[in-house]
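Please construct the entire structure, taking both the sequences and the accompanying hints into account.
Protein chains: 2
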Amino acid sequence: MKIAILGHGVVGRGVDEIISSRVTGVEVAKILELPDRLCDPRMTANFDDICSDPEIELVVECMGGLEPAHTFIIKALSAGKSVVTSNKAVVAAYFEEFAACAQEHGAALLIEATCGGGIPWIAGIEKVRRIDRVAWFSGIMNGTTNYLVDTMVKTGRDFADVLSEAQSLGYAERDPSADIDGIDVKNKTIIAASVAFNVACTHDIPASGIRNLTMDDMRMFEKHGRVVKLIGFGAQRDGRYAATVEPVALPNSSLEAHVPANFNLVTLEGDTVGELKFYGQGAGSLPTGNAMVQDVLDFEAGRRPAYDFSAGLTYDPTLLVGDYVFRTAVAPEGSTRYEDGAWLVRSVTAERARMLYDHALENDPTSFFARIPQEVEA
Amino acid sequence: MKIAILGHGVVGRGVDEIISSRVTGVEVAKILELPDRLCDPRMTANFDDICSDPEIELVVECMGGLEPAHTFIIKALSAGKSVVTSNKAVVAAYFEEFAACAQEHGAALLIEATCGGGIPWIAGIEKVRRIDRVAWFSGIMNGTTNYLVDTMVKTGRDFADVLSEAQSLGYAERDPSADIDGIDVKNKTIIAASVAFNVACTHDIPASGIRNLTMDDMRMFEKHGRVVKLIGFGAQRDGRYAATVEPVALPNSSLEAHVPANFNLVTLEGDTVGELKFYGQGAGSLPTGNAMVQDVLDFEAGRRPAYDFSAGLTYDPTLLVGDYVFRTAVAPEGSTRYEDGAWLVRSVTAERARMLYDHALENDPTSFFARIPQEVEA
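So the protein sequences, as listed, match chains A and B.
Okay, so the first sequence: first residue is 1 according to our numbering, each after it adds one.
Okay, so the second sequence: first residue is 1 according to our numbering, each after it adds one.
These are computed hints drawn from the structure, not numbers from a lab.
As the structure is a computational prediction, the values presented were derived from the model and not from experiment.
Certain hints may be false.
Which copy? The list can't say, so a pair holds if one copy fits it or any two copies do.
Straight-line C-alpha distance at most 30 Å; calculated DSBU-like pairs for lysine-lysine [to be verified]: (1) Lys-127 <-> Lys-223; (2) Lys-75 <-> Lys-2; (3) Lys-127 <-> Lys-2; (4) Lys-154 <-> Lys-2; (5) Lys-75 <-> Lys-154; (6) Lys-154 <-> Lys-127; (7) Lys-223 <-> Lys-154.
So this is what it looks like as structure tokens:
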């Protein structure tokens, strides 16, 4: 089978390397690169060279960003070529359009690498869904923020200090907003909700990050046997669904509390299979490349994921209700005291909590908040 | 597709229920049961009724035990019918014969449900192996012993007390030996090693259990920040492999230390994907039934696992070397003091540790031992 790779950066090179050294029967015939980077006979700067090549069955998109990735994916699918992508931003934004286009032209869209790096998470959800309804999913989906929090816990150093070191080591981006403000996890949560619940999750789900997390916050939660993690979460019930991204102060008895370094841990609950968890490297050239090559091999073996969002689930924020702690100068509406300078608001929706946090930030731009789930029941 | 179920006990009924209520396109056409239990028009007490039925493509074996399961599986495969089984004892004992028979007659052997209940562990290993070599695997593979240890930790009650309660609740067998002596985990470890390393693991691997574990032992390890779990482990390097089952005093920083109740957590390490962990219900009618139905659906979708053990890896116990603590009356050879009445032996193979434990048991039948791995590096 002949395939093309779009973009020969870190991930594209990972895919190329894994296929050439470990996979037989798949040939990387063409690679799309910028005109000033054509250093390999397979490379072209013209996407039409790839799209019009009848021998190429599948296109592996490793460019990232919304455009031209969106246009190229639509063109490839419209030409009947299947697409493997790791681009969570473009899939979260255009999932419904991509799925419809793939279906119309008999092509497949494979998106394992958009969520959880090398973890077989998307294929895992799809496998579970052959038998079960997925009631909810939840997890640590961003390695950078987990690394930041884990390093804070292990060294006692403050957020800004750890972030700046992570940036100098290349573990965090120069502009870390996508990670620390929860945007990356928001995209992954939208994709996971769409696959798990069979819905085009187009609602602007609440998403918060850990930019304002301090070592004092960590110590406060530690007193209560908790550790803060950035969590993506989604649930469905009776034809309704909801999803959110927020810091959660998890009990130390949970597995999630012990996820080290830049690892991810994602969970789903199915009717008959019960709770399943998947853990692994959520990013990196080889794990992400591995996930894309797994999609290529699945396609070769005949797997054709079909995303049908016609069930039309309703977004209902009342599905997600919890207790929240706000560390902020002025007591939020309806709160009681949690600790010095921190307040507890019980039984509010994730959307209401995010609204209270926005108010808190107006009075005190250093405010932080986190959900505090009940102790895990064993 | 028409299939047959052999045995309509807890697991067989689970498979029947899941297929009839959740799966379209698969029909349970015949069920093998004992002559005095034929209460359903699909039931027969004669295996030849099933084996000679040309419409039945696949046989789901839920009987357990070595015979007649072994004979029926060979007959079914020889008749070109594929086999799905949850029977770890029979697969561990006859894996090589089953694999060869399946290959010879163009049938498939699917064994997801032999290890880890509803966890996609065997399919997970096979997927990883399409790209990576599996350097090692490790994990909590027995729900009963995890429940016993977890309940001891949470209640402070002693082993015998917790076991007797678990037996009265039906969580543990009347004869608990297979669980508490590590025989169940030994079978699962042999199967996982065979799939992960492509070797017919016929060596009698060392296997120890937790029968002699006391609350005092738990408290001793707790002082060192550790908790005891029963672990199956296998590794390969340079054409050699080894595997073992033994109690391990894991650091509290590990995820494994926090696995609650009767859950399982299994890990593998691949070249490009890195460390992957899978967590879920390791037993029970619905999770195990789910795993068997997943195998049925995989078969229907064209998956044909091929087990080729011809590479001929050598068994080499020196691949597994660790430090061990023995709580026993007489100091073992080469040991130093660990705590009052407990001794540390450094850098010995799992086989040597098991031999030292046998010696210890001769002097003190209440002896317990556990490996103490280094702190998890994050």
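Checklist entry - Should Lys-75 paired with Lys-154 be assigned to within, between, both, or neither, using CA atoms and 30 Å as the limit? => result Neither: 48 Å inside a copy, 58 Å across copies.
Checklist entry - Which holds for Lys-223 with Lys-154 at a C-alpha limit of 30 Å: within a copy, between copies, both or neither? => result both (16 Å within a copy, 20 Å between copies)
Next on the checklist: I want to check one pair: Lys-127 and Lys-223. Are their C-alpha atoms no more than 30 Å apart within a copy, between two copies, both, or neither?
Outcome noted: neither (40 Å within a copy, 43 Å between copies)
Checklist entry - Checking Lys-127 and Lys-2: alpha-carbon separation at most 30 Å within a copy, between copies, both or neither? => result both (27 Å within a copy, 21 Å between copies)
Item to check | Alpha-carbon proximity between Lys-154 and Lys-2, which holds within one copy, between copies, both or neither at 30 Å | outcome: neither (47 Å within a copy, 56 Å between copies)
Checklist entry - Checking Lys-75 and Lys-2: alpha-carbon separation at most 30 Å within a copy, between copies, both or neither? => result So Lys-75 and Lys-2 pass the 30 Å test inside one copy only (18 Å; across, 42 Å).
Checklist entry - Is it within, between, both or neither when you check Lys-154 against Lys-127 at 30 Å Cα-Cα? => result Classified as neither: same-chain Cα gap 37 Å, cross-chain 34 Å, threshold 30 Å.
Checked against the numbered hints given earlier, the structure breaks hints 1, 4, 5 and 6 and satisfies all the rest.
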